[in-house]
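What follows is each chain in one-letter form.
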Amino acid sequence: MTLAQHAQRLIDFIRAPKEIHAHCDIPCGIYDPHAAQIAALSVIRMNQLIQEMPKISAESSAKDREAYVHQLSRYTRTKEEHAEICKHELRVLWGDYFKPDHLKQYPDLHTIFWDAMKLASKNRQEANLDAANQLLAKVQQIAEIFWKSKGADVRKQPSLQNAKGELVYPVPK
Amino acid sequence: MPLLERARSLFSRTFQVRGVSMEPAFMEGASVRIDPFAYASRLPQRRDVVSLRAPSSPDRFELKRIIGLPGDSVSWRGSDVWVNGEPLDEPCARTAPPVPGESTHTLNLGPGEYFVAGDNRLYSQDSRAYGAVRDMEITGKVLAGHTHV
Chain A
1 MTLAQHAQRL IDFIRAPKEI HAHCDIPCGI YDPHAAQIAA LSVIRMNQLI
51 QEMPKISAES SAKDREAYVH QLSRYTRTKE EHAEICKHEL RVLWGDYFKP
101 DHLKQYPDLH TIFWDAMKLA SKNRQEANLD AANQLLAKVQ QIAEIFWKSK
151 GADVRKQPSL QNAKGELVYP VPK
Chain B
1 MPLLERARSL FSRTFQVRGV SMEPAFMEGA SVRIDPFAYA SRLPQRRDVV
51 SLRAPSSPDR FELKRIIGLP GDSVSWRGSD VWVNGEPLDE PCARTAPPVP
101 GESTHTLNLG PGEYFVAGDN RLYSQDSRAY GAVRDMEITG KVLAGHTHV
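Read top to bottom, the protein sequences are chains A and B.
The C-terminal position of the first sequence is numbered 173 in the numbering used here, with every residue numbered one higher than the one before it.
The C-terminal position of the second sequence is numbered 149 in the numbering used here, with every residue numbered one higher than the one before it.
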């Protein structure tokens, strides 16, 4: 190990947090793509609400403009939060659940996850209903792979939420 | 305590353990002292308890035990671990019988690569999930005698 590496180690140590972690994200072996789907659905719903907002114009009153900005801020913030939740859930599946063995059966796995992460970022950056629908479709694809990798069949069924859309559920064989 | 260790302990730092993956040796809430220079003059040894950068979140430090050394072939099935084909004697580990049908995985460690695991094997996110850790990711060693609440 070089002197520079030792110096880096010391700097890391001095700046380190006071806690040291000895846990896993969740009790090991328990993973589920449902949370990622719900997050993607929430992003869709926020985009729908943004699109449905009554528009303001130069003639709008100060009160209407204030209400518009306030509501738009809330929808945008929630959209970003759920896009980030979706990314987090995908990271856990990608990094913790899926193993090199899965690549033999699903050789496009990395590309699918990479696309999903990029879409989630796009949904943070933009108010874009098309991108939100694409994100849900990509997460559904991951959910299908996930459940099939556990030996289950899958079915899509309507979410029964205001956002519409479908969710992927496992069906034991 | 030898003079060198005494001097090094001046640079050690106390951390509080969060989580259960190193129980029963390190209970949640316990304080541990970490020596950042422990590996300045020697390499990590099997069964050392080390701090390392969490692979999924490099600004977070984790506490794990070294199981496999560079050049080792480490296999695991559930919570059971073999090193170079031999079951590891792990008096500190909490393990459980493997789930029927669970497959065996093997990781061959290259130069500078280590296999780390939590003692509480059923509740640990470790090399079984994120693979080998590089020597550069190991940030220190728990000082002997500073291991419990």
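Do not take every clue at face value.
[Claimed, not checked] Below, computed lysine to any residue pairings styled on SDA-like, alpha-carbon distance capped at 25 Å:
no. : chain 1 : residue 1 : chain 2 : residue 2
1   : A       : Lys-99    : B       : Ser-56
2   : A       : Lys-156   : A       : His-70
3   : A       : Lys-99    : B       : Ala-30
4   : A       : Lys-122   : A       : Ala-163
5   : A       : Lys-18    : B       : Asp-59
6   : A       : Lys-55    : A       : His-70
Simulated from the structure, these hints should not be mistaken for lab results.
Evaluated hints:
| no. | hint | result |
| --- | --- | --- |
| 1 | A:Lys-99 <-> B:Ser-56 | 15 Å, holds |
| 2 | A:Lys-156 <-> A:His-70 | 36 Å, violated |
| 3 | A:Lys-99 <-> B:Ala-30 | 33 Å, violated |
| 4 | A:Lys-122 <-> A:Ala-163 | 19 Å, holds |
| 5 | A:Lys-18 <-> B:Asp-59 | 12 Å, holds |
| 6 | A:Lys-55 <-> A:His-70 | 13 Å, holds |
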